[in-house]
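Novice: Sequence:
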Amino acid sequence: MKKLEVGIIGGAGYTAGELIRLLLNHPETNINFVYSTSNAGNKLYKVHQDLIGSTKIVFSSEINKNVDVLFLCLGHGNSKAFLEKNSFSAHTKIIDLSNDFRLTENKNFEGKEFVYGLPELQKEAIKSAKYIANPGCFATALQLAILPLAANKLLEKDIHINAVTGATGAGTSLSATTHFTFRDNNFSHYKAFTHQHLGEINQTIHQLQNDYNNDVIFIPNRGNFSRGIFATVYTKYDGSVEDAKKIYKTFYKDAAFTFVSDDEIHMKQVVNTNKCLIHLTKHNHKLLITSTIDNLLKGASGQAIQNLNILFGFEETTGINLKANYF
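Sequence positions in the sequence shown follow my numbering and run 1208 to 1534.
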């Protein structure tokens, strides 16, 4: 059977590097081109140095508008601008990794309707979609922590979230807070109460529990490690922890990559994988939900491949059964 011809727009960043690595090892895909205005003519492995020996593909200044699937790995706001200037064939499916089309008010663009690509929530809609808005990294970890409660109309009070992400979450562009001298032996918060992924999170909560009328209070943090997200989420819950586990395990019983652990979890269990692990505990009337993912995989490129698999009817885990960097 003929492999899918794949194009990548914006090939030099962290998510594009992970996407290329996954696609090179995916049995159903062939990378047709990787477009990058800043690196045209350079070999991929000159930028993504972990790819040396894996590919001789060079960055392209040309775009094939007839590929089967197109991944947009552009900065936020740039996907919309790119699609305004470039059109693709009627059969080309698009998976966008920016935040341009994630919210309901932005999902329709020039006749294209983007479906929000969180498989644990939208699998049936993804199957019949043509255009996918891949979720954000924090949004993925936090929604997976909350979805079962919202689906069972069990959210009553404010949701409190404290979560930390690695340096790759900030992208490849250097800033004062991404330099080694700042990150090393350091810890800080940013965008308290205002993080851009709150829009996705609130949208999903209201999709499942429309009458929820409380706040999602989110404090994001910068960690002194490269990749991964670890989140602690707590809210009022009157049931027992055993009841909560049943609800979560039932909700995720058919999920390919999201698992509820009976033991406490840590980030090394998921880094370099497409998994999300969840753990539950109870203190008085508070349910604590712990959630952890790899921000570049389940939070970006791995989930994009998961969406590709669903779109084209492949086994959901194809090409993304990955081993964690546990030791």
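It should be emphasised that the hints constitute simulated quantities derived from the structure, not laboratory data.
Some hints here could point you the wrong way.
Straight-line Cα separation of at most 27 Å, DSSO-like style, residue types lysine-lysine; simulated pairs [said to hold, decoys possible]:
(1) Lys1453 <-> Lys1475
(2) Lys1263 <-> Lys1287
(3) Lys1360 <-> Lys1456
(4) Lys1453 <-> Lys1330
(5) Lys1453 <-> Lys1360
(6) Lys1456 <-> Lys1493
(7) Lys1460 <-> Lys1443
(8) Lys1287 <-> Lys1319
(9) Lys1364 <-> Lys1287
(10) Lys1360 <-> Lys1337
(11) Lys1314 <-> Lys1209
(12) Lys1272 <-> Lys1319
(13) Lys1364 <-> Lys1337
(14) Lys1460 <-> Lys1330
(15) Lys1210 <-> Lys1334
(16) Lys1530 <-> Lys1452
(17) Lys1493 <-> Lys1253
(18) Lys1210 <-> Lys1319
(19) Lys1475 <-> Lys1530
(20) Lys1364 <-> Lys1272
(21) Lys1364 <-> Lys1209
Novice: Now tell me if each hint is right for this structure.
Specialist: Verification of the hints:
A C-alpha spacing of about 25 Å is found between Lys1453 and Lys1475, which places the hinted pair at or below 27 Å, so the restraint holds. Annotation: proposed proximity of Lys1263 to Lys1287 is violated, straight-line Cα distance about 30 Å (limit 27 Å). Proposed proximity of Lys1360 and Lys1456 is supported: the alpha carbons are some 16 Å apart, at most 27 Å. Restraint check for Lys1453 and Lys1330: the C-alpha separation of about 21 Å stays at or below 27 Å, so the hint holds.
Between Lys1453 and Lys1360 the CA atoms are separated by roughly 15 Å; this keeps the pair inside 27 Å, and the hint holds. Under the criterion of a C-alpha separation no larger than 27 Å, the hint pairing Lys1456 with Lys1493 is consistent with the structure, at around 19 Å. Only pairs whose Cα atoms come within 27 Å are accepted, and Lys1460 paired with Lys1443 is accepted, the gap being roughly 24 Å. Annotation: proposed proximity of Lys1287 to Lys1319 holds, straight-line Cα distance about 11 Å (limit 27 Å).
Under the criterion of a C-alpha separation no larger than 27 Å, the hint pairing Lys1364 with Lys1287 is inconsistent with the structure, at around 36 Å. Distance check on the hinted pair: Lys1360 and Lys1337 sit about 31 Å apart at the alpha-carbon level, beyond 27 Å; violated. Taken as a hint, the Lys1314 and Lys1209 pair is broken in the structure, with Cα atoms around 31 Å apart against an allowance of 27 Å. Distance hint between Lys1272 and Lys1319 is fulfilled; the C-alpha atoms sit about 16 Å from each other, no more than 27 Å.
With a CA separation close to 37 Å, the supplied pair Lys1364 and Lys1337 exceeds the 27 Å bound. Restraint check for Lys1460 and Lys1330: the C-alpha separation of about 14 Å stays at or below 27 Å, so the hint holds. For the suggested pair Lys1210 and Lys1334, the alpha carbons sit about 19 Å apart, so the restraint of at most 27 Å is met. A C-alpha spacing of about 26 Å is found between Lys1530 and Lys1452, which places the hinted pair at or below 27 Å, so the restraint holds.
Our distance criterion of 27 Å between C-alpha atoms is broken by Lys1493 and Lys1253, whose separation comes to about 50 Å. Between Lys1210 and Lys1319 the alpha-carbon distance is near 25 Å, which keeps this suggested pair within the 27 Å criterion. For the hint pairing Lys1475 with Lys1530, the CA-to-CA distance comes to about 11 Å; that is within 27 Å, so the pair holds. Of the supplied pair hints, the one linking Lys1364 and Lys1272 is violated, its CA atoms being roughly 49 Å apart against a limit of 27 Å.
Our distance criterion of 27 Å between C-alpha atoms is broken by Lys1364 and Lys1209, whose separation comes to about 52 Å.
When each numbered hint is compared with the structure, violations occur for hints 2, 9, 10, 11, 13, 17, 20, 21.
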